[in-house]
Amino acid sequence: MVDLETIRKKAKEIVSREDVKHLIGWRKGTFGYRVTPYWVEAPEDAEELVYSPLCNTNLATSLTLAEKLPLPKGQEPDRRKTALLVRGCDSRAVVQLLTERGVDREQVVLLGLPCRGVVDLRKLKDSYPEDNEVADAEWKEDKIVLNVSGEKKEIPREEVLDDHCLVCRYPNPVEADETLGEKVEPWAEESHPGVEELENASFDKRWDFWEKEFERCIRCYACRNACPMCYCEDCILDRLNPTWIYRSNNYSENTAFHIARAFHLVGRCVSCGACERVCPAGIPLGKINQKLVKEVREKYEFEPGTDPEGVPFQASYNPQDQEDFIL
Amino acid sequence: MSEQFEPNIVAFLCNWCSYAGADLAGTSRTHYPANLKVIRVMCTGRINPLFVLNALQQGADGVLVSGCHPGDCHYMEGNMYARRRFRLMKDLLEYLGVDSRRFHMSWVSASEGGKWKEVVEKVVDEVSEIGPFEQFKREKINW
Amino acid sequence: MSEKVLQKANWSSFVQALADARELWFPVKDGPIYKFAPYSGDVDAGLEEYAYSSVPPKAVVLPQTETMFLYQVGDKETSLPEEKKEKVVLGARPCDARAMDIVDRVFQWDEDDPYYLENRNKTAVIGLACNEPFVNCFCTSLDGSPGSTQGLDVLMVDLGDKYYLRSVTDKGSRILGDAESALEDASGEGSQAEEIIKEAEGKIKRSIDTEGIREKLEEGWEAPLWDEVSRACLGCGACTFLCPTCHCFDIQDEVEGFDGRRCRMWDSCMFGEYTLHTSGHNPRPSRKERTRNRISHKYRYYVEKFDKIACVGCGRCITSCPVNIDILDILSRVKEEL
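Chains as they are written, first to last, in the working numbering: chain A, 1 to 327; chain B, 1 to 143; chain C, 1 to 338.
Some hints could be false.
[As the list claims (entries may be wrong)] Listing some non-contacts, in silico: residues in chain B with all C-beta distances to chain C over 10 Å:
1. Q4
2. T27
3. S28
4. T30
5. N35
6. K37
7. K90
8. D99
9. R101
10. G114
11. P132
[What the hints assert, rightly or not] Pair ranges (Cβ atoms, derived):
12. A:D307 with C:D209: 51 to 57 Å
13. C:G202 with A:K143: 32 to 38 Å
14. B:N15 with C:N121: 57 to 63 Å
15. A:K299 with C:R105: 53 to 59 Å
16. C:E222 with A:K123: 39 to 45 Å
17. C:G202 with A:E185: 46 to 52 Å
18. B:S28 with C:D75: 40 to 46 Å
19. A:Q322 with B:G131: 27 to 33 Å
20. C:L117 with A:L166: 50 to 56 Å
21. A:A188 with C:H281: 49 to 55 Å
Read the hints as simulated data drawn from the structure, not as lab findings.
Given the structure is predicted, the values throughout are model-derived calculations rather than measurements.
A virtual CB, placed ideally from N, CA and C, is assigned to each residue, including glycine.
Next up, chain A with everything else stripped away, as it sits in the complex (with noise of 0.2 Å):
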């Protein structure tokens, strides 16, 4: 794995270039657990830095969140380029944004860290429950060490850490300009936790769960915002004219939505768990991003953000593409 001190060195480093901008990483919150991203303007702010299980957010969102707003009249645009922390997830992530030209590869800086797997706060809140004091963790061997206000407690990882995580299949960037520390290999065999389950029961058994899931959506959308894949600057939720989706919130909006939502990232999704972790009614969205990632993997041996010369999976075919569905 890797120290913090050589992240905090190596990031202090990349600020002092004159050609970057800012390095994203990640720092401590306000409270319990959390973490929240953080940019890194000067090279004394790196000692801010930490890099822990409890940094759940993809910093591949960053790059497409800010706004492209026109300059004043006889302003520069800023052409340093943006650092970035990048773990196996965000390293896929940005991978796939470079297949759809929405990021320039010109333009990032990518400073890759190995993972061993970031913690779901909701699993970790009802066993610990979340105080005041900020806490630390870390990883040790195959536990997570929490840390809060000095008392450390070992906890197995299958208690704490994100389902995605768990069985995940690139811990380590896929694409960087320099990744630091060791290797790790992953956790286990790769699975989709949740899918089989559903697979195997009934039409009606299947509805009556996901029903009862999308009925409790508020339509926050923090899932599509908090996806690094999510980056349309014109969105269809957004659309009035026409309004392919109702505002109002019931079961049959917000099934479209979801629909919708989840069948925009078929082979993108780069199973990275952050709109499941963000989402405030605990709707299991992984389960249907994993049910198409598994699909695309298993019918088109596609994984997406894994090829940065790659072509995006919707904007090309086979001519042998299974077709043993078609009447």
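Knowing the structure of chain A, use the given hints to seat chains B and C on it.
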């Protein structure tokens, strides 16, 4: 319901093959079920999955997407993209609990009036079997 | 004002008595969260484990989607939706009730909003005082308290094996009257309740001194601070949708066949298209302006209009923010840096 259930099926047909195929079936005076509401589009590649979703929301009991055979597309490859897209759309709908018999895709060329009849009969039969679509149909909720 | 005691053994008959007299709304566990839903007969769902509802009870009086009127396409006639029923909300936290009081002013300061006011006037709120404040509670900084009665009709305090109930308004007394059979007269439990509330007040850890924030917000309009605090913002609506005092809505027409309705639904100032003009111009083009607006609305604009801060310190926006944008952190920086 004593009357037999007559399903409401929305069919998106590509202008160059399937629509002409359906036309041929008509001019050849072939008899086939009249449950279809046909919407003509230029190519299956133009069919947004939201069309399918919206049809289901607005009261369709089944949806059929039909286009040219692979290699025959008027725009060279539109149906190839559609094939990928709707394969996964079908998987997703099924995964959420929509019966697999509600959504179909077919290749019908301009000369296949006979095949068109068979496809329509099969789709109508299957949708009739499962009955009306009510899962996420738009209805007056809290109106 | 009447003071009553409810033995926990009588809980289900109390709930049933409330539900018989009015439409009862109750915090219901839905998946991992609590939200208020009409009572469905499941009496076992007591208030023992309930901490606070993720979706505040504002959703009872200002539903996420609300029909304004109905029409037929091509017809000039319109009709109104069904009249609203008399409701009682059981188990709202005192801060959420104070929030309703704040929202009330908005909906009647120039024109009366008939939809909201009808709902609000027909709704009675039975509040449950907090014995254990939550991580991000800071109500005491905003003139609130775990046992505040503002906006409440009845205050309920958990005394372990029983609840102490005190009506605050006439409506509250009537409600307690309806459920009289399940209640006993109080004898000295009131002081016990006061103690519990006092103790709870002491347990609140977060705070902010609101003195001077309004002026600072006015002065520091263009401060670089806004860039820094909004940079991580995802632009989602979790903070505003879950805020008990946020009340913005959007009006839309929905048509099913020939049946149409005009309805309104929650909108969020954190969304880009909230301020987007038809021309394409957006006066709040980035998350910086939107974050500034969210804070300024609560701590400056509302204060200028109603001489009161439009925040009750429930801490939901802090807890639910996916990237830990903390309103207390922003406010203390506003005080220090502007």
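Original post:
Can you list which hints this structure breaks, lowest number first?
Top reply: none
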